[in-house]
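Participant: Read top to bottom, the protein sequences are chains A and B.
Using the numbering used here, you'd call the opening residue of the first sequence number 1 and step up by one each time.
Using the numbering used here, you'd call the opening residue of the second sequence number 1 and step up by one each time.
Worth double-checking, as some hints may not be accurate.
To be verified - Counterexamples of contact, computed for chain B against chain A with all Cβ distances above 10 Å:
id, residue
1, V11
2, R100
3, A121
4, L223
5, P249
6, T253
7, T272
8, A313
9, R316
10, T329
11, V392
Claimed, not checked - Footprint (simulated), chain B over chain A, 3 or more residues, beta carbon under 8 Å:
id, segment
12, 3 to 15
13, 44 to 56
Claimed, not checked - Derived CB-CB ranges, DEER-like:
id, chain 1, residue 1, chain 2, residue 2, range
14, A, C31, B, R350, 32 to 40 Å
15, B, G122, A, V7, 48 to 56 Å
16, B, A395, A, L50, 25 to 33 Å
17, A, E55, B, D304, 53 to 61 Å
18, B, E334, A, K44, 57 to 65 Å
19, B, G161, A, K44, 41 to 49 Å
20, A, D24, B, F237, 29 to 37 Å
21, A, D41, B, Q299, 20 to 28 Å
22, A, L50, B, G161, 32 to 40 Å
23, A, C17, B, A38, 27 to 35 Å
24, B, E113, A, E58, 50 to 58 Å
25, B, N109, A, D48, 23 to 31 Å
26, A, A53, B, R350, 50 to 58 Å
Hints are computed from structural coordinates only; laboratory data are not their basis.
Here the structure is a predicted model, which is why all the values come from computation and not from measurement.
The beta carbon of each residue, even a glycine, is placed where N, CA and C say it ideally should be.
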Amino acid sequence: MAEPGRVPPPLRLCRGCRQFVRPDEEACPFCGGDLDTLQADYDKRVADMLHAAAELREAMARAGVTDREA
Amino acid sequence: MTEQRTEALPVRYAGIDDLVNRVPVSVVWEITLACDLACQHCGSRAGRRRRDELSTAEALDLVEQIAELGARDIGLIGGEAYLRKDWLEIVAAIRAAGMRCDLQTGGRNLSEERVARAAAAGLSGVGISIDGIGATHDGIRGVPGSFELALAALRRVRAHGLSSSVNTTINARSLPQLREIMDAIIDAGATNWQLAIMTAMGNAADHPELLLQPWQMLEVMPLLAELAVEGRERGLFLQPASNVGYYGPYESTIRNIIDDEIHFRGCNAGETVMGIEADGTIKSCPGLPSPYAGGNIRQRRLRDMWENADPLAFVRRRTIDDLWGFCRTCYYAETCMAGCTWTAHALMGRAGNNPMCYHRANEMDRKGLRERLVKIKDAGGKSFDHGEWEIVVEAAAPGVPDPISIHG
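Next comes chain B alone, as it looks inside the complex (with noise of 0.2 Å):
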């Protein structure tokens, strides 16, 4: 049960004896809520800053107790991290605390001087998000001209050396443009590329003609390992985030860090992965309502939340007997788990069935069906909400409209 870490494996991958010891790996933090773009997706519905953020001298803090759990790396977020006065204090008190620490952000105002003063704090990578190609990127952000504003800001962090990455949703206007957006960000100097099926959490749920029905995963996988392998010759390391998958003869080519043998493990939702929101909430994965939530900083302090709070345990204390519908007898049902929480969640109100699946939808075509996804009730309006979802399974071939059954 143990393993030797490889030096040219990215800070953030988790291995065996990591998911074992329950280190967190990966911190996500969102240091503030307040935001500069208007995105059509965002499922924390960011926009101004939470009333009660966290103070400088509570995120210091914060800092050491996320260090004295072994974490690597720490992700911040937003809202749009950089529009909270003391950002910089924070990634100067990561990166004393022996942590790898990256931005992602929208781009909008990351100034020359903002990326400059950020490298001199130590900050270690940027990661930009990028929706589309111009028009379809300004839609979906909300704002005209932030295509050009993000490529800007990706040349800028390239220039100050720091590690360069972006960030992209796959939705039913992004889908089209993958190659063209991955040519692009080569162009501008990105290294990494991190994609993930757009959830429909928060304002995404308010979007259903964003999102990607569960057959499209039949064209996104074959589409991602044609780009992962185009990519890498390219000098573009493309990360698939834990919502894409699930196996299929795609799943080796996409995932393949530095071995094929690599493979989706499941959810690591409190396991290797914590989620921090502006107000100290402590959550197992940032994008998860709060039902995942274990506690917050104030009251407890982080070691025993991520030890003790029964909402961070779900992924190590479920079983095949929690998941239900399709995956509860799915061939890959032991390892996969049904995949991403964050995304079974928040179509379906509860984890355990995930209907955005390569072997799910190819195992449905086999038999000349797809399931197609219906959204019955819209979500409130509130930080990490999600609507109800029905999945319609229908005749896969054009022109025969009749549902066949229906099941949530």
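Chain A extracted, bound-state conformation (with noise of 0.2 Å):
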């Protein structure tokens, strides 16, 4: 292939209002948040969930517990 096609910039999403923003900002230009920090919340938010939810299987396990039966 002699001409590759165009690759866009890709977006990154804002974590406190959901819109999409350029690569390299550090704050969001719609609500203000600092993205990293927002970032950071996020993941440690899924993080816990997670393992939450692993605990949760691994306590059912341990009762007999089916995920149909739960």
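Take the two lone chains, each set in its own frame, and fit them into one complex as the hints suggest.
Facilitator: Pasting the structure below:
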């Protein structure tokens, strides 16, 4: 292929207002939030949720309860 | 610049590798212009077959050429594809070449026998067009009873185990009925729902009363986000077409395939999308008019056109300097590049400035303004033609009708 396709610059999702912003932004131009801080908070919430789900699944398995029964 | 394809991704989803390598992931092929409906918004003004449609031998050879380019999915459209006598030969050839094959249809005469034979030929899925409830659909499609026939066809497709989709154009009449349409198609067994904004091309250019106005994108996007979430919970996957958008707080929700960071990346015409007309004309997108045609398969090999024809290369060669109007200075210009080329060209006569945009309407609204499209010249009456439109910028508040400015 002599001429590659154009790959447009990807955008970043602001975890404060859920608007997409340009990747070079530090603060969201729409809600003013600090993008890195908001992302870190979001990542932690997701990790906590996954951890809680795993613990629940283990507890259910120990009690002999399947996902379907739950 | 490489990525692994995830099995959960739809076949038609184009990734970064596809973009870089310009793989025509999705090929939309109008195999005949013959049609059994009379749709008020038909871009190709279908009805009678073209005089010079490809022969069976030419069509089967074209299938091989498409496969050589690495295409993954061919959508057969019309007109009404099943009115072509050899359509199942084409379906079987596509499947034998290792590609997925879908039929996009109005479903009026998609009989039990036709569905059974199509399934036996290897058809992967069917998308049925439904543009409203009952009389709304019948009026837009030009045939009384076509709504019930479409729903019956959808049930038939589902019963034969084919993937069942619905295509809906969002227009002035269907917009208030979208929720009701969703209920009806879930009930009839649809698992995918593709939604596109009605575009002012072909017959649609003759029906300005059907077209949405730009400010209505402020209503469309939150509604689609709501329906996307609800649909997913009920087993219906909402797929916005390339002319639905762009950005704002609803972009992530409506385009969330596997993660919420997926967003609109600009027009894919001639990059990962190819359109083919029934006479063998090759275009960068099925809806675009003749200036975007790269040639005809009867005169030139497909690979040669795909790799070298200038009219197919406009997306990869353009820059922000090719944009104009609001889009030229938009915050998202470099990524969006004025959205859907088909929509922009049909309204503005050339690409690069697209008023059908949520972000644009929202920016206008923040200033107390809105844009209104006014037709100033009719379309000529041929396939894929368009009229001329002006954008009137006016006060957003009702009761203030005086135009503030007009630009084209």
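Participant: Against this structure, judge whether each hint is valid.
Facilitator: Outcome of the hint check:
no.: 1; hint: V11; in the structure: holds (19 Å)
no.: 2; hint: R100; in the structure: holds (21 Å)
no.: 3; hint: A121; in the structure: holds (33 Å)
no.: 4; hint: L223; in the structure: holds (16 Å)
no.: 5; hint: P249; in the structure: violated (5 Å)
no.: 6; hint: T253; in the structure: violated (8 Å)
no.: 7; hint: T272; in the structure: violated (8 Å)
no.: 8; hint: A313; in the structure: violated (7 Å)
no.: 9; hint: R316; in the structure: violated (4 Å)
no.: 10; hint: T329; in the structure: holds (14 Å)
no.: 11; hint: V392; in the structure: holds (28 Å)
no.: 12; hint: 3 to 15; in the structure: holds (count 11)
no.: 13; hint: 44 to 56; in the structure: violated (count 0)
no.: 14; hint: A:C31 to B:R350: 32 to 40 Å; in the structure: holds (35 Å)
no.: 15; hint: B:G122 to A:V7: 48 to 56 Å; in the structure: violated (34 Å)
no.: 16; hint: B:A395 to A:L50: 25 to 33 Å; in the structure: violated (49 Å)
no.: 17; hint: A:E55 to B:D304: 53 to 61 Å; in the structure: holds (60 Å)
no.: 18; hint: B:E334 to A:K44: 57 to 65 Å; in the structure: violated (31 Å)
no.: 19; hint: B:G161 to A:K44: 41 to 49 Å; in the structure: holds (44 Å)
no.: 20; hint: A:D24 to B:F237: 29 to 37 Å; in the structure: holds (33 Å)
no.: 21; hint: A:D41 to B:Q299: 20 to 28 Å; in the structure: violated (59 Å)
no.: 22; hint: A:L50 to B:G161: 32 to 40 Å; in the structure: holds (35 Å)
no.: 23; hint: A:C17 to B:A38: 27 to 35 Å; in the structure: violated (45 Å)
no.: 24; hint: B:E113 to A:E58: 50 to 58 Å; in the structure: holds (54 Å)
no.: 25; hint: B:N109 to A:D48: 23 to 31 Å; in the structure: violated (55 Å)
no.: 26; hint: A:A53 to B:R350: 50 to 58 Å; in the structure: holds (52 Å)
Checked against the numbered hints listed earlier, the structure breaks hints 5, 6, 7, 8, 9, 13, 15, 16, 18, 21, 23 and 25; every other hint is satisfied.
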